[in-house]
Amino acid sequence: MMMHRGMFVVVMLGLGCAPSQEAQRVQLEVEVDDATLVIGDNDLGWSIELGAARLAVADLQFTILGEMHEASAWLPSWVIGRAWAHPGHLAGGDVTGELTGAFVLDWVAGGGQRLGSAEMLTGTYHGLNFGFRVAAASDGLTGEDPLLGHTAYFAGTARKDGREVVFTAQVDIDAGTQMVGAAFDLEIDRSEQALLAIQFVPVDPIEGLSLFDGVDFAALDPDGDDVVAIVPGDEAHNFLRRTVQSHVHYGVVDR
Amino acid sequence: MLRRGLLCVLLAACSVDAGEVEVRIYGEEFIEEGIPASVFADGWSVKFDSFLISVGAVTVAQAGDSPGLAAPGFQVLELARPSLGLGQQIASGRVLAGRQDDVGFVVGPDAAAVASEVSAQELARMTDGGLALYVAGSATKGGVTKRFAWGFPTRTRYSECESVAEVAADREATVQLTIHGDHLFYDDLYSETPAVRFELVAQADVDGDGEVTQAELLAVDLRPLPNYQVGSTGIVDLWHFIAHQTGTLGHIDGEGHCRNTAEE
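Quick note, the sequences are listed as chains W and D, same order. Numbering of the first sequence is given in the numbering used here, commencing with residue 1 and proceeding in unit increments. Numbering of the second sequence is given in the numbering used here, commencing with residue 256 and proceeding in unit increments.
Rather than coming from a laboratory, the hints here were simulated on the basis of the structure. Be a bit skeptical, because a hint or two may be false.
[As the list claims (entries may be wrong)] Just some of the chain W residues that point at chain D, by a computed CB distance under 8 angstroms:
(1) 179
(2) 235
(3) 238
The beta carbon of each residue, even a glycine, is placed where N, CA and C say it ideally should be.
Please construct the entire structure, taking both the sequences and the accompanying hints into account.
Below you can see the structure in the form of structure tokens.
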């Protein structure tokens with residue numbers, strides 16, 4: 001009675017519409033956002049400043065909300081499919097744009113790095129999805145790279161009540177797990193010249209959710225040397241493993 | 256009825272092949288008889304005393320065609336009632352011959368739902384309470400028993416269900432809406448290989464009265480745990496985790512898949 005989840009269903013859209021109803025195909029450049037990462041507080045009062053934020057992902061997908069309506073029903077054969085809407089939140093949508101491949105998104109040292117050209121259909125976009133994966137040597141990582149063999153790597157400083165803790169965090173997420181529904185609000189038309197920048201949002205500006213909610217850096221430092229390393233197996237890792245998957249910490253902006 | 260009548264007229268006029276399709280809903284042995292300890296990764300077993308479901312908006316079609324059968328009204332049924340493996344009928348009608356591989360249905364609250372062999376009290380529990388599902392029962396491990404009685408107001412549309420029912424001319428075929436009760440106890444929302452567990456639910460009974468309540472499940476913080484992963488949903492407590500799983504129970508003809516979409 002197990003069900004196969006996380007799979008995609010090909011969208012079978014109506015055929016036979018007039019050519020004038022064809023959605024237009026455009027190519028837009030995609031890069032890692034180069035904006036300075038916001039310093040923010042977690043729910044336990046730690047102010048966190050990141051000096052490293054890297055994430056291994058695969059296959060960026062750009063979605064419109066719901067199904068394509070009949071007026072734009074004739075679509076080229078490359079239209080990909082529909083992301084499963086997560087029951088519980090309406091973050092699904094038809095995937096009408098994609099940039100395939102494996103990427104390491106580095107929001108500190110790699111801001112502005114070009115990832116490639118996304119194939120998009122014209123339309124009103126509302127979401128970004130991508131898959132998590134394990135970073136490998138094929139990503140150009142050396143044997144000493146802390147991201148090697150993991151999905152995410154963060155480093156920075158946490159401050160609270162005059163105390164300053166330097167931390168690193170390696171995060172493991174099952175390969176193939178999807179991040180679904182990050183914010184991406186943009187009308188893309190045939191003449192669109194947008195440059196799409198993939199954002200990392202350590203603190204969700206709407207609900208104030210921090211990537212580090214639940215992490216008490218003092219509790220992680222029993223020897224009091226103000227140096228903390230969060231690794232898989234730690235309870236703090238379990239907190240981070242969840243928040244890293246949350247769509248509220250990512251977005252797409254038009255640069 | 257008018258729609259069905261019109262279909263019959265059209266079918267006769269065109270001399271096309273048609274047959275009968277019957278739609279049944281079935282909770283399998285897991286809901287009717289219980290989920291044995293062998294299924295659970297942590298040694299618990301579960302027996303449902305009640306598994307009320309509000310289901311409607313049933314459609315049966317061949318992919319690419321409009322539905323040959325549509326039963327929009329909602330019914331409340333007791334899936335824990337023994338059915339000798341047959342399940343319970345919720346709709347029937349005459350459709351064009353062929354494979355009925357585009358079935359849809361909704362599991363959700365409906366104030367106008369009608370009883371299908373349930374008591375007036377059970378019907379009122381669902382309609383007045385705005386419930387899609389009501390599950391009550393007990394879990395046992397060793398000498399410990401934990402009771403539960405939970406109502407869920409969630410609404411899930413199951414569509415594009417790939418039924419294998421093949422209707423032949425002047426023959427009858429059955430489409431089975433299959434409800435998987437074990438999914439309520441999965442320990443991951445998106446893993447391809449989740450385990451079935453009850454231990455965390457049992458531990459939620461902090462007052463030790465033997466009954467695990469909604470309030471106690473809401474108080475369970477999932478965030479420190481290595482399992483009970485929630486993907487992008489933002490779910491942090493066990494109640495909403497289980498409520499989310501209610502949107503994954505529906506299948507078709509046993510293990511067949513549907514697109515499942517939460518509706519607000």
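Each hint, compared with the structure:
At about 6 angstroms, the closest approach between the beta carbon of residue 179 of chain W and any beta carbon in chain D falls short of 8 angstroms, and the interface hint on this residue holds. The beta carbon of residue 235 of chain W comes within 5 angstroms of a beta carbon in chain D, closer than 8 angstroms, and the hint placing it at the interface holds. The closest approach between the C-beta of residue 238 of chain W and any C-beta of chain D is roughly 5 angstroms, which is under the 8 angstroms cut-off, so the hint is satisfied.
Checked against the numbered hints above, the structure breaks none of them.
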